[in-house]
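Visitor: Sequence:
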Amino acid sequence: MGCIYAITCSDRYYIGSTKNFHKRMAEHKSDLQRGRHKNTYMQRVYDKYGCFEYKILESVEEDKLIEREQVLLDRHFDDPKCMNRSPHAHRAYNPWTEESRKKLSETCKGRKHTAETKKKMSDAKKGKNLTRDHIANLIKARHKNAKVYTSDVIFKWNDSTYEIASLAEFLELFGKSSRCIFRRLAANKNTVITLSRVREDTDHPFKNGDKLCFLTSSDTTQA
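So the sequence shown is residues 1483 to 1705, counted in this note's numbering.
In case anyone wonders, no lab produced these hints; they're calculated from the structure.
Incorrect hints may have been included.
In silico DSS-like pairs for lysine-lysine, Cα to Cα no more than 27 Å straight-line [claimed, not checked]:
hint : residue 1 : residue 2
1    : Lys1505   : Lys1546
2    : Lys1658   : Lys1601
3    : Lys1563   : Lys1601
4    : Lys1520   : Lys1505
5    : Lys1530   : Lys1638
6    : Lys1546   : Lys1511
7    : Lys1520   : Lys1600
8    : Lys1537   : Lys1505
9    : Lys1537   : Lys1520
10   : Lys1563   : Lys1537
11   : Lys1638   : Lys1658
12   : Lys1546   : Lys1563
13   : Lys1689   : Lys1658
14   : Lys1638   : Lys1671
15   : Lys1511   : Lys1563
16   : Lys1658   : Lys1600
17   : Lys1546   : Lys1501
18   : Lys1638   : Lys1693
19   : Lys1530   : Lys1546
20   : Lys1638   : Lys1600
21   : Lys1563   : Lys1658
22   : Lys1530   : Lys1563
23   : Lys1658   : Lys1693
24   : Lys1693   : Lys1671
25   : Lys1563   : Lys1520
26   : Lys1537   : Lys1501
27   : Lys1537   : Lys1511
28   : Lys1638   : Lys1563
29   : Lys1546   : Lys1520
30   : Lys1520   : Lys1530
31   : Lys1671   : Lys1658
32   : Lys1501   : Lys1511
33   : Lys1671   : Lys1689
34   : Lys1563   : Lys1501
35   : Lys1520   : Lys1601
36   : Lys1505   : Lys1563
37   : Lys1520   : Lys1501
All chains, full assembly: derive it from the sequences and hints.
Guide: Structure, rendered in structure tokens:
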């Protein structure tokens, strides 16, 4: 038998689920005391007040924990006093089964996040440094057909070279309107492309006649 629990501080609260209440609370306390809790908002509240209470709200069968937690999150997440940073219940203690994934998918269909929900999700991600692999995975998720390089890739532009790890880094260097150029280079790696018919009303620095190419580090070494 598992349980739905709450962590409270004055009128603020956090909702979670676990199979082992005492072990999970020990993990929360340890992370908070060391200043490394993944929920940065809850960490700030703890750092300021330091008086959290931990209690069981209800006992629940283990295979129903996530579903029950989701019901409570749907009810409370938009409350400014709720310290949860994600509107979705997640399972930290064991992997999702296909049946569980299907149930959650059906539950979330047609659901639209409110402005308050979007703000809380955005605030939760602020200040986090993404690794190259993380950025690459985000690009793949949003642009299924985009080619992303997580190993070293040298972008050569006329006589200048840049190390590029992803589409995100390319756009940051050369502007959002250079997306099409990136995809041409990704589709023709190791091939020099000479630009033509470049529009002037763009935010990138490229112009007609520029020579561009993607070279891997090994390719560059051999050249």
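Visitor: Against the structure, test the hints numbered earlier, and report the numbers of the ones violated in rising order.
Guide: Numbers 5, 19, 20, 21, 28 - these are the hints that the structure violates, sorted from lowest upward.
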